[in-house]
Amino acid sequence: METLRLNLNTTLGPLIIGTLISCSLFGVVIVQTYIYYTRFPDDKPLFKNLVATIWFCELGHCICICHTLYIVTVNEYGNEQALISPPKSWIIAVAFSGIIEPIVQAFFADRVRIVSKEFFIPILCWCLSGVRCIMSCAAVVTSFKSSSLPKLLHDWGWLITSLLSVGTAVDFIVTITLFYYLWKRTPNTQRSTLMIDKVIAWTIQSGLVTTCTGLAMLLSFLVAPYTYIWLGIFVCLSRIFSTSMLASLNGRTFPNETSTIALQEVVTDSRYLKSSPYKFPMDNAALNRGLLEQDFKPVLI
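Numbering (the UniProt record's numbering), first residue to last: 1 to 301.
Treat each hint with caution, since some may be false.
So the derived label-pair ranges between C-beta atoms look like this [to be verified]: (1) Val223 / Cys23: 18 to 28 Å; (2) Val131 / Leu6: 33 to 43 Å; (3) Ser148 / Gly13: 18 to 28 Å; (4) Glu80 / Asp42: 48 to 58 Å; (5) His154 / Thr38: 42 to 52 Å; (6) Ile114 / Lys48: 34 to 44 Å; (7) Thr142 / Tyr181: 31 to 41 Å; (8) Tyr70 / Val141: 18 to 28 Å; (9) Lys88 / Phe120: 32 to 42 Å.
To be clear, the hints were calculated from the coordinates, so they are not data collected in a lab.
Beta carbons: idealized from backbone N, C-alpha and C, even for Gly.
Turn these sequences into a full structure, and let the hints steer you where they fit.
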């Protein structure tokens, strides 16, 4: 069995860097959560509860990784065993991550359902996200039972590889599918078209970020499993998922809560130019309900 290379540059270093970046991203999550609740006070209860769940899980995740870093760098300073057998708070952080990431992936799979109006790919992604959640639970249980990280990797390395592979596959499927439907869309004169494209673009960008991060974590695990490089990416992964979902939700505004498009009409006498009293409201409430293809009619204001 290969042993953990106790080189601080590849063990403690990535853990410290990853924790610092993760804590910074948690600040972004806090700001995005505040923006969401102030901008969309009448949003679906499902979305509001989802955001609250994600935020509390992120808080617990942040506390756990900070506790782990404190134990390793302060309480157990100079003790190599602390790097080989991290504290239990690290395993709890894995549990929080196992809740956050499948939820966010299920959310983006639902965006695919709304855009495509089909169910095959969303159901596939939901099933894979469920499998990922189950494997995360299994990873948590096996981590509690394992005496050290090298033993865990030796006995259950295939489980971690499968877990990371499934997560990356879901992100890739969602991103490619949304890109296809955005490319497939034909320009039309509907007032909601720009809003729809913006929501899809936000989701594609979010999917690209999570896909690349998950792929980097998977490759680093396959190449150097007995270092903390992949764990340094892991502590940031759930935060990237959360910020991606919140960015997608907050990106529905265009650019204010209720934007209007005024039509200009030219009067017969070319000396006069006046604004039409008809304006087209960009109804964000409709978008919040998932009615992305609603055809807005002009109203007299």
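- Task: Indicate whether the distance between the beta carbons of Glu80 and Asp42 respects the range 48 to 58 Å.
- Result: holds (55 Å)
- Starting from the range 18 to 28 Å, see whether the pair Tyr70 and Val141 falls in it by beta-carbon distance. holds (25 Å)
- Task: Just tell me: holds or violated, for the beta carbon distance of Ile114 and Lys48 against 34 to 44 Å?
- Result: Once the Cβ atoms are compared, 18 Å apart, the range 34 to 44 Å for Lys48 and Ile114 is violated.
- Using the C-beta atoms of Lys88 and Phe120, is the stated range 32 to 42 Å upheld? holds (41 Å)
- Query: Cβ-Cβ distance between Ser148 and Gly13: within 18 to 28 Å?
  - Reply: Roughly 20 Å apart at Cβ, these two residues keep to the hinted range, so it holds.
- Message: Is 18 to 28 Å respected by the C-beta to C-beta distance linking Val223 and Cys23?
- Response: Holds, at about 26 Å.
- So does His154 sit 42 to 52 Å from Thr38, Cβ to Cβ? holds (49 Å)
- Message: Given a hint of 33 to 43 Å, does the C-beta separation of Val131 and Leu6 actually sit inside it?
- Response: holds (34 Å)
- Query: Would you say the C-beta atoms of Thr142 and Tyr181 sit inside 31 to 41 Å of each other?
  - Reply: Cβ of Thr142 to Cβ of Tyr181: about 39 Å, so the range 31 to 41 Å holds.
Violated hints amount to a single one, hint 6; each of the other numbered hints is respected by the structure.
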